[in-house]
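J.: Sequence:
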Amino acid sequence: MTGRPFLGSLLLGRRRHILAGLVVGGSLIMGAAKASTAHPKTAQRNAAQSAARQELLELVRNAAGLSDAEKLERVNQFFNRRLRYGEDIQVWGRLDYWASPLETLERGAGDCEDFAIAKYYVLRLLGIPESNLRLIYATLDATRQAHMVLGYWSDGAQVPLVLDSLVMEIRPLSQRHDLLMKFAFDAEHLYRFDHDRLVTVGDAQLLPRWRRLQEQVLAERLVAPEPVRMASATAGAPTN
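All residue numbers for the sequence shown refer to this note's numbering, where the first residue is 83 and numbers rise by one.
Treat the hints with care, since some could be wrong.
Ranges of calculated distance between the beta carbons of each label pair, as one might list FRET restraints [to be verified]: (1) T225 <-> E251: 39 to 49 Å; (2) R176 <-> H259: 27 to 37 Å; (3) E169 <-> L262: 13 to 23 Å; (4) T225 <-> R143: 18 to 28 Å; (5) S132 <-> T225: 18 to 28 Å; (6) T124 <-> A239: 38 to 48 Å; (7) S256 <-> D150: 17 to 27 Å; (8) R164 <-> R127: 11 to 21 Å.
Please keep in mind that the hints were generated in silico from the structure rather than gathered at the bench. Note that the Cβ used here is the ideal one computed from N, Cα and C, for glycine as well.
Take the sequences, apply the hints, and build the full model.
T.: The structure is reproduced here in C-alpha cells:
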C-alpha cells in the first residue's frame, strides 16, 4: 500500500484534518523574543506570551537533570494539570487548529492535539531524541471519537508508553485497550500499526499544516537552556 492513498483514506471522517501539521526537531533552534511597543492588544499578547515562555522554561530547567522516565512523568503531569480541555472552536474560534506550546499555555486550554504537541516539544527541549517520540492518532474504543496521544519508544522497544491528556498515569500501549491505533508520525515519516510494529507508509511532509506550525514555532524563538540531545538510534523498529 502506498503512503499517499493510505493517508488519504485515514483523513476521511468527522475530523478529516486532524493530522494537519507538526514541527520537527530542527525547529528547536531558538533565540530570544523581540520586544514590542505596538497596539495595546499586541502588548497584552506579548505579555501573555512572555509569561507562558517563562513558565515553560522553568519547567524545562527544573526537569533538565531528571532521568528520561522522570522527565516523561513530570511533563505529562504538568500539562494534564495545568491545562483545561477545550475544543478548537471554543479556544480559537476555528474548526481545527494546532497550537504551539506557547499558544496553548497562553490560553491555558487546548484539545488532545495541543496537549500531545506541547508534551512532544517540551520533551524534545529536555533532550529526549526525536527517534523516541511519535504522535499517535487513535480513536476511543467506547465513542469512536478521534483522539491524539504522544508515544514514547525507549531504545529498541516495540511497544510505546502512552502520554494521554485523558489519563494521568503513563501506561504501555499494551495496557490501553480503550485506544484503537490508527497511525503515527514523527519528524520524517508516517506509519501505520501492524500489531506492535510500525510500518512506514509515507512522508511526514504530506501533512498539509506541517509547514505552518513549523514556521509558528520558529517565529516564537523558544529558548532551549541547553543543547538538545540528538540521537541516531531508531525507536520502535519501524519498517518499510
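J.: Each hint: holds or not?
T.: Results for each hint:
Roughly 20 Å separates the CB atoms of T225 and E251, a value that falls outside the hinted 39 to 49 Å. Taking 27 to 37 Å as the suggested C-beta distance range, the pair R176 and H259 conforms, at roughly 33 Å. One distance hint, 13 to 23 Å for the beta-carbon pair E169 and L262, holds here, with the actual separation near 21 Å. Between T225 and R143 the CB atoms are about 39 Å apart, so this pair departs from the stated range of 18 to 28 Å.
Taking the beta carbon of each, S132 and T225 are about 39 Å apart, not inside 18 to 28 Å as hinted. About 46 Å separates the C-beta atoms of T124 and A239, a value consistent with the hinted range of 38 to 48 Å. In this structure the supplied range 17 to 27 Å holds for S256 paired with D150, their Cβ-Cβ distance being about 19 Å. The supplied range of 11 to 21 Å is met by R164 and R127, whose beta-carbon atoms lie about 19 Å from each other.
Of the numbered hints stated above, those contradicted by the structure are hints 1, 4 and 5, listed in ascending order.
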